[in-house]
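Enquirer: Produce the entire structure from the sequences given, and follow the hints as far as they go.
2 protein chains.
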Amino acid sequence: MSVTYFYDGIKKNNPEMQKEISATIITIGNELLIGQVVDTNSAFMSKVLNKTGVVVKRKIAIADNMAEIKKALDAEINQVQIILITGGLGPTSDDVTKQTLCTYFKSEMVVNKRALQHVKNLYEKVYKKSLNPVNLKQAEVPAACKVILNKRGSAPCMQFEKGRSMIFSLPGVPYEMEGLMPDIIGVIRQRFQLPKVIHHTLVTSGIGESELAAILKDFEKEIGPKAELAYLPGLGVLRLRLSATVMGREEEDRLRRQFQKLKKLAGDYLISTDDTPVEEIIGKMLNKKKKTIATAESCTGGFIASMITSVSGASDYFPGSVVSYSNNIKMTVLGVKASTLKKHGAVSEEVVREMLKGIVKRMKSDYGVAVSGIMGPGGGSAQKPVGTVWVAVGSARKVVTKKFHFRFDRRRNIQSTAIRALYLLKSFLEEA
Amino acid sequence: MSVTYFYDGIKKNNPEMQKEISATIITIGNELLIGQVVDTNSAFMSKVLNKTGVVVKRKIAIADNMAEIKKALDAEINQVQIILITGGLGPTSDDVTKQTLCTYFKSEMVVNKRALQHVKNLYEKVYKKSLNPVNLKQAEVPAACKVILNKRGSAPCMQFEKGRSMIFSLPGVPYEMEGLMPDIIGVIRQRFQLPKVIHHTLVTSGIGESELAAILKDFEKEIGPKAELAYLPGLGVLRLRLSATVMGREEEDRLRRQFQKLKKLAGDYLISTDDTPVEEIIGKMLNKKKKTIATAESCTGGFIASMITSVSGASDYFPGSVVSYSNNIKMTVLGVKASTLKKHGAVSEEVVREMLKGIVKRMKSDYGVAVSGIMGPGGGSAQKPVGTVWVAVGSARKVVTKKFHFRFDRRRNIQSTAIRALYLLKSFLEEA
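In order, the protein sequences belong to chains A and B.
Just so you know, the first sequence maps onto residues 29 to 460 in my numbering.
Just so you know, the second sequence maps onto residues 29 to 460 in my numbering.
If you are wondering where the hints come from, they were derived from the structure by calculation, not from laboratory data.
Among the hints, a few may not be true.
Note that the list lumps identical chains together, so a pair holds whenever it fits in one copy or between two copies.
[Unchecked claim] Calculated lysine to aspartate or glutamate pairs in the EDC-like style (CA-CA distance at most 16 Å, straight line): (1) LYS254 x ASP102; (2) LYS179 x ASP281; (3) LYS371 x ASP211; (4) LYS148 x ASP344; (5) LYS319 x GLU96; (6) LYS370 x GLU250; (7) LYS426 x ASP211; (8) LYS165 x GLU237; (9) LYS157 x GLU237.
Expert: What follows is the structure, given as structure tokens:
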């Protein structure tokens, strides 16, 4: 099948975009609409699709309800080439998606042999539990679909076609959905010739969106309509993403030159051109140097340690951490002097310096991070308002300290502190 | 204005539902469609609306693009009474929402005096920075809207009306959006008589969705069409939510009786009937008992401590924590014996017992939690596969241990371990 078949009627008036393959993601589940669950699935799917060169046009969250599912499909079919549906496939009676798809595609329910064998295997060999009739229902699918087996669970992925659209229905359990995405991308790649979408991202800090926009006003005019600059406020940082759909080497080079210019314009506010999570960057640096890091945390309460250990293999460079929430523990476990606490207070440059020395000694690590601050909502004063944080990074021999002021709620203050502390550590490691 | 005005044509054929006030949430931002950002805003908004008695029908994520915004508004206006739009209001040129709304509502841009005064105040008094022309643009709004000032930032909320719908446009910065929601709810409450939506939630563990569904098959038939039972798989737990829109005391009582029955049916799998985050429940229990807790964490790397300290006021009952990622730190800081580690391995009942005794002593706390496990993807063996975790909770005098097996990816294994450990602690505290 030729790719152009799918372009008919889609942005035909814009030759730049004719090669665009677009998608809609439909997430199904009442829990999304009452806010009980944050939808991480569609973000994961978007990321994977985007990397593959598929443009996600819309994401729609609806109830697990026949009328809503039909309405959403009616609106999207023929508008995009790819529709991914996630959720509503559980074996329980609050999940009506499979039956709805069966009716929608004028099909009938059949037992799929491969799916049945898979469910049996899963229960007998992996879960070591006996099958009940509800489990067996997972092997039933509309006759009109192709089945893609779900290695991580019992509900299979179902692939349908209608008009100009391919429709994939996936389970809503993140772990299972994530395991199915490579198979779906394989099917999409077989069908479509995909363009290359390139994103260059840089991370800034210490400047707001509108101030940075004022600096970049001329740059934004210069890059023209082919590239796009996005401002992405994050935790304590502001990301800039320069994107373009490139058709060849020349366009790719142009985008790279534009990004070089952007870096220069960001000047001192630039803290990284690597959009990899900072905890992963640090992990790689420490592995390469064969050095270790430990954390001494007051206000972040273990959040920095949990970021570091979210990276697989962290045990190679992370011996451990002390969360010294009380002043007493700062003294007894980390060796902060009572006189320092009394003279300067727990949120002070002097205390984070002593916490850092203490943790490096206690954990016998090469480097350390120490933080102390007031995360709110209570605990602030005129001299040290909520959001005041002192951070120290360094080694037994050399320590760098920095004071921050965050003005968010408790959760964001904690996360922002952790991220800025790790970026400070990254700079230190680059120079060490 | 009478409420019934808004019901015309909306589910008129279903008298049960006539009093339903419904909403659509439209989130705007290219970063959502490429998966760079997980949308937490719409979950927050849904939760607030749901609590108020407004039913969220659909959530739609679209690009910051005129055509897409118009298309979404065309599709939703008159379908729901309330439309909340978030995002796309930044002062930079990748944000086109405000201009689009101005055109859509056939209005013209004007400087709003209150908004201008607010922006000036914010920059001069709070940020202590000088205003630039980009900031000033935040005070420009379509003449057709009412302005609701944003106490937490410079972009105001804009309120429009069209057909049977009220449309609110809010900034996408979570902190600012969250600050505006109470004002918006105030406006909605003035306009509509809202029904009462009641949810009863219980938390189970140790049983899968399909097995629990088999147990609850008859119960689901019994509750009839007025109530709804939802299965919500979470981290290491499975929530059951029984919901109904109730019109009076009698219906409220009936739902409560049904929930009592559900609790009985859940039997030993029931671990909590309180849907409050477990870290908050524990905080309240410890405050009441005037006792303290400390954590000794290996595989969770500080995640349990960071959950405990995410609760404001945790310093009253949390002195601190030791993350003993390496065996060496287990010995030197927590006092785990070398012989125990050698004989039983780091992931063993004996080691978590010694970690618990060590942390309680080190932190001088009343209670402790200790965990050690293999979170993957590496590190598993035939005897101790990835997902094996030992947890100990207790005091210097009494310790309870439990072994878990999780079968997720690293991130979910860590989160599941932390949640199950805290629920185990909760049970211990209930009996202590």
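Enquirer: Taking the hints in turn, state whether each one holds.
Expert: Right, here's what the structure says about each hint:
1. In the homo-oligomer, the alpha carbons of LYS254 and ASP102 never lie at most 16 Å apart, since the shortest distance is 32 Å inside one protomer and 28 Å across protomers.
2. Taking the closest pair of Cα atoms, LYS179 and ASP281 never come within 16 Å of each other, the shortest separation being 40 Å inside a single copy and 44 Å across copies.
3. For the homomeric pair LYS371 and ASP211, neither the shortest alpha-carbon distance inside one copy (62 Å) nor that between copies (44 Å) is at most 16 Å.
4. Taking the shortest alpha-carbon separations for LYS148 and ASP344, neither the intra-copy value of 40 Å nor the inter-copy value of 52 Å comes in at or below 16 Å.
5. In this assembly of identical chains, LYS319 and GLU96 lie within 16 Å of each other by CA distance neither inside one copy nor across copies; the values are 55 Å within and 50 Å between.
6. Taking the shortest Cα distances, LYS370 and GLU250 never come within 16 Å of each other, neither inside one copy (56 Å) nor across copies (65 Å).
7. For the homomeric pair LYS426 and ASP211, neither the shortest alpha-carbon distance inside one copy (50 Å) nor that between copies (50 Å) is at most 16 Å.
8. In this assembly of identical chains, the alpha carbons of LYS165 and GLU237 lie at most 16 Å apart only when taken from different copies (13 Å versus 52 Å within one copy).
9. For the homomeric pair LYS157 and GLU237, the shortest alpha-carbon distance between copies (14 Å) is at most 16 Å, but the shortest distance inside one copy (55 Å) is not.
In summary, the structure is inconsistent with hints 1, 2, 3, 4, 5, 6 and 7 from the numbered list given earlier, while agreeing with the others.
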